[in-house]
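Asks: Below, each chain spelled out in residue letters.
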Amino acid sequence: MSEMEPVIGLEVHAQLNTRTKLFCACPAGGSVEPNTHICEICTGQPGALPRLNGRAVELAAKATLALGGQVNGYSLFARKNYFYPDLPNGFQTSQLDPPIGTGGSLSVAAGDGGRKAIRLNRIHMEDDAGKCVHDEKRDRTLIDLNRAGVPLIEIVTEPDLSSSREAMEFLKTLHSLLVRLEVTKGRLEEGEFRCDVNISLKPKGSSVLGVRGEIKNLNSFKFVGQAIDYEIRRQSALYESGGRVEQQTLHFDHLKGETRALRSKEEAHDYRYFPQPDLPPVLVSRVKLREIVQSLPPPADTIKESYKELGLKEDTVTALLDRPGAQAYFEEAFKRFPEAKRLGTLMVELFLPALRQSGTDPQSAVMGPAKLAALARLMSDGVLTKKAAYDLFPELFETGADPRQLVEARGLSRVRDESTLQGWIMEVIAGHPEEVKKYLAGQTKILSFLVGQLMRLSRGTADPQKASASLTQALEDLRS
Amino acid sequence: MTQLWQLNLAQCSEGLKNKDFSVTELTEACLKRLTETEPAIKSCLAVLEDQALETARDLDRRGNDSSRLLWGLPLTVKDVFCLKGAPTTAGSRQLSDYYSVFEATVVRRLKAHGAIILAKTNCDEFAMGSSTEFSAFGPTRNPWDRQRVPGGSSGGAAASVAGFQVPGAFGTDTGGSIRQPAALCGCVGLKPTYGRVSRYGIIAYGSSFDQAGPLARTAADCGRLLQAVAGPDAYDATLADCPVPDFVNQRPLKPNELTLGLPRQFWNADLHPQVAKVLDEARNLLTKAGLNLIEVDLPNIKYAVAAYYILASAEASTNLARYDGVRYGFRQPDPGDLMELYTKTRQTGLGPEARRRILLGTFVLSSGYYEAYYRKAAQVRRLIKNDIEAALTRCHFLLAPVSAIPAWPLGSFLDDPLTVYQMDLMTLPLNLYGGPGLSVPAGLGDDNLPVGAQLWGKPMSEASLISAGRVLESLWPKLPEPQIPVI
Chain A
5 MSEMEPVIGL EVHAQLNTRT KLFCACPAGG SVEPNTHICE ICTGQPGALP
55 RLNGRAVELA AKATLALGGQ VNGYSLFARK NYFYPDLPNG FQTSQLDPPI
105 GTGGSLSVAA GDGGRKAIRL NRIHMEDDAG KCVHDEKRDR TLIDLNRAGV
155 PLIEIVTEPD LSSSREAMEF LKTLHSLLVR LEVTKGRLEE GEFRCDVNIS
205 LKPKGSSVLG VRGEIKNLNS FKFVGQAIDY EIRRQSALYE SGGRVEQQTL
255 HFDHLKGETR ALRSKEEAHD YRYFPQPDLP PVLVSRVKLR EIVQSLPPPA
305 DTIKESYKEL GLKEDTVTAL LDRPGAQAYF EEAFKRFPEA KRLGTLMVEL
355 FLPALRQSGT DPQSAVMGPA KLAALARLMS DGVLTKKAAY DLFPELFETG
405 ADPRQLVEAR GLSRVRDEST LQGWIMEVIA GHPEEVKKYL AGQTKILSFL
455 VGQLMRLSRG TADPQKASAS LTQALEDLRS
Chain B
17 MTQLWQLNLA QCSEGLKNKD FSVTELTEAC LKRLTETEPA IKSCLAVLED
67 QALETARDLD RRGNDSSRLL WGLPLTVKDV FCLKGAPTTA GSRQLSDYYS
117 VFEATVVRRL KAHGAIILAK TNCDEFAMGS STEFSAFGPT RNPWDRQRVP
167 GGSSGGAAAS VAGFQVPGAF GTDTGGSIRQ PAALCGCVGL KPTYGRVSRY
217 GIIAYGSSFD QAGPLARTAA DCGRLLQAVA GPDAYDATLA DCPVPDFVNQ
267 RPLKPNELTL GLPRQFWNAD LHPQVAKVLD EARNLLTKAG LNLIEVDLPN
317 IKYAVAAYYI LASAEASTNL ARYDGVRYGF RQPDPGDLME LYTKTRQTGL
367 GPEARRRILL GTFVLSSGYY EAYYRKAAQV RRLIKNDIEA ALTRCHFLLA
417 PVSAIPAWPL GSFLDDPLTV YQMDLMTLPL NLYGGPGLSV PAGLGDDNLP
467 VGAQLWGKPM SEASLISAGR VLESLWPKLP EPQIPVI
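First to last, the sequence lines map onto chains A and B. Residue numbers for the first sequence, in our numbering: 5 to 484. Residue numbers for the second sequence, in our numbering: 17 to 503.
Hints are computed from structural coordinates only; laboratory data are not their basis. All residues carry an ideal CB built from backbone N, CA and C; glycine is no exception. Hints are supplied without guarantee of correctness; some may be wrong.
Claimed, not checked - The calculated BS3-like cross-link candidates involving lysine-lysine, where the alpha carbons are at most 27 Å apart (straight line), are: (1) A:220 to A:120; (2) A:176 to A:317; (3) B:360 to A:84; (4) B:35 to B:127; (5) A:339 to A:308; (6) B:48 to B:35; (7) A:84 to B:392; (8) A:260 to A:226; (9) A:135 to B:360.
Unchecked claim - Take a look, some chain A residues computed to stay more than 12 Å from chain B by CB distance: (10) 139; (11) 169; (12) 179; (13) 218; (14) 230; (15) 245; (16) 298; (17) 332; (18) 339; (19) 404; (20) 429; (21) 460.
As the list claims (entries may be wrong) - Derived coverage of chain B by chain A (criterion: at least 3 residues anywhere in the stretch with Cβ under 8 Å from a Cβ of chain A; other residues may be distant): (22) 111-122; (23) 248-258; (24) 377-384.
Put together the whole structure using the sequences plus the hints.
Replies: Rendered as structure tokens:
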């Protein structure tokens, strides 16, 4: 039997970063009590009609342009009909033909070290369904419609991917791009970025596609990788044992690490698409398109290059680009303190983790970019030691206090004053006669212990280099 | 002496303005008439007596406001309009206990103009039917003969106006549901241009056809009612972005200014002898008065019924998907599983005509049939539009019969849906086209049943359409009052 290779295509759903839902004025997103962000429109009450959120159209067009696709000036909504308890109207309002975006591509690193363009088939808008909550204890199902009507784009790739690694890299790159464009908030844990994977095997070199399985609704990059690898093994085993791969919809059980059939082709839905008569065609004018093009930031690769030229490390750049708003914050701080490396380190080691912990956005942090720049300045001027700066940070982040004033008030400035330093040196020498004796006997490694004691005495305000030099001098003086 | 309930809308308005009577007096008179005639004609599903009287007293206290077009005028609305404070059932068991959480734009505008909504009127379930017999709550009776249907689906609305319960009503017209009952009951019915009146809060049947419109005793009254509700609404994306002209104070047309096109396919159709007789006489009156009548051709009209029932049923099948028993309305108690919840709920909650159209619509949208049915029908729709557009280039309006037969005895066609569908031949092409239509009583047959004729106009031509309707009214015999046994 000839060697088989996987053929993979993705359908990515990203929740659009709009204030309100796609067809009504209810807030889109936010964790609140079930069934509080609802109205007659998103719960499918008799007589209600949809009205399109213009911002969602702009974001979908923006994503299309950023991915090199063509924005269709005329696109249509269609009803996709099926019954499910979390689908209030008995149909999803989606786009079939023409969608808002056609074509485009995104490149990933290929196995041979080059780049490989993954072609996009289409980008369309649609509304999300609600959620079914299964109450096992009481054996009943509850329905929460807060998510019903939340705007999504679906990005459909061509079957151009050939490994779990490529798929994961594609998704990470796409995620980081859409987040940076503020097309989506992209919070994976909230399901704001999730995907379906289509996967089949074909004999190497053949152009005939095999029968595919579709793995539904994966919301972590890791699970995508695991699910693809599992599915490749499962399908390979089927081919090797002479079995037949069935066209199936699959669910990935991440606890067991395996896929499971949800339904086969025989039970597949006939969605009976037809044009949604309640919504006129979606028109995007050339003027609007030009506006969107002008609002696009430079491509990520360009930014990455320029950041690396500033001396930032690869993972620092990634961290800044992945967190919405982090890049703008960094650039604002950089205007006031042009030493990128130190700023980048502070962001990655202190600021971003603190944001994550407190659940705030860079824009709404009380510690603005000017304050971070001031902190960096204090460090580079030698006023604040790294330890003192890091100890002080939680308070600065919490209160938004001016770092200079706080350092002043706490007397935390780095001590270089000779007489204070000499006082501490005397204290260390007097307090550790045994260690001093050992040093004088030639065990010079013990110096670092003594410097440590000195730093402790100074509560970190002593300049470590200067302290070490002066202490050495004082010890050497003892020999004579 | 003339009773208050005998006045038409303009007369009521004039009387209120002159303080000949109060809003409360008028409302009480209409409510009394409604209570007396309702056992015979059964036009209403809910009478909003307390709300109506309270509003009437409130209007009287505040005094007349001439900026409000419908100040103090009692009306009914078909039970497909969402309204707070009473169930909104659409004539369906599925919604027999359903209270809407919001009000239709039409209802809001009627109230804003000072109208008093007296009752919600009966209709075929989800506006699907031509006789009101498909209402889950029993049929409405024709005011002229209680053994006959009032037409449909806005049969309750037409009967409430023709039975002198109210001077005006609102219905909806998807394939003739305002014009046909208006003709069979002997009142005036106006279907506005698609996109003229907001559909927000109107329970949907065929979304690309549904249009709300007034029924009243004169064309001018229909104009006044349309004036109050027409125009842009942020809640309906399909509304035309088009200024609303003055429908009330139009220059009267002279008969010899009008050229009417008579579609050959309708006038040569197999009309009931009484209908033919009344319409012949009506035509003669027009010719005598100097109107120019020409014959026009609608070559593709024979495909209209098939195309309409494919397209409207397709839309209906998904519009009605929300009635699944999950969130509101009737729900099958203790279903075995989810599938049974759906199937049993819909089998019990929905009546035979609604189920028939859901099945038909589901079929024509199904994979493998879409091209053969839905797409073909959409193409036919375009051809029929072209036909009507072409005919309207040769005349001001088209003139056609509304129904080939007068009101028929209850139960006649219950088991014969295809015959009933065919009877819509002369109304539904206008919905495929999208333009406005006005049904006007043309006279009374020897069988003492009214016969109507309709005018069709170009999109957004309601103002001149109403003027033309007034010309026909002035030339055609005025119908007497139907004799209804009162209790």
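Asks: Hint by hint, say whether it matches the structure.
Replies: Verification of the supplied hints:
no. : hint           : verdict
1   : A:220 to A:120 : holds (25 Å)
2   : A:176 to A:317 : holds (18 Å)
3   : B:360 to A:84  : holds (23 Å)
4   : B:35 to B:127  : holds (21 Å)
5   : A:339 to A:308 : holds (18 Å)
6   : B:48 to B:35   : holds (21 Å)
7   : A:84 to B:392  : holds (20 Å)
8   : A:260 to A:226 : holds (14 Å)
9   : A:135 to B:360 : holds (23 Å)
10  : 139            : holds (15 Å)
11  : 169            : holds (36 Å)
12  : 179            : holds (32 Å)
13  : 218            : holds (17 Å)
14  : 230            : holds (30 Å)
15  : 245            : holds (33 Å)
16  : 298            : holds (28 Å)
17  : 332            : holds (34 Å)
18  : 339            : holds (43 Å)
19  : 404            : holds (41 Å)
20  : 429            : holds (78 Å)
21  : 460            : holds (67 Å)
22  : 111-122        : holds (count 6)
23  : 248-258        : holds (count 5)
24  : 377-384        : holds (count 4)
Checked against the numbered hints above, the structure violates none of them.
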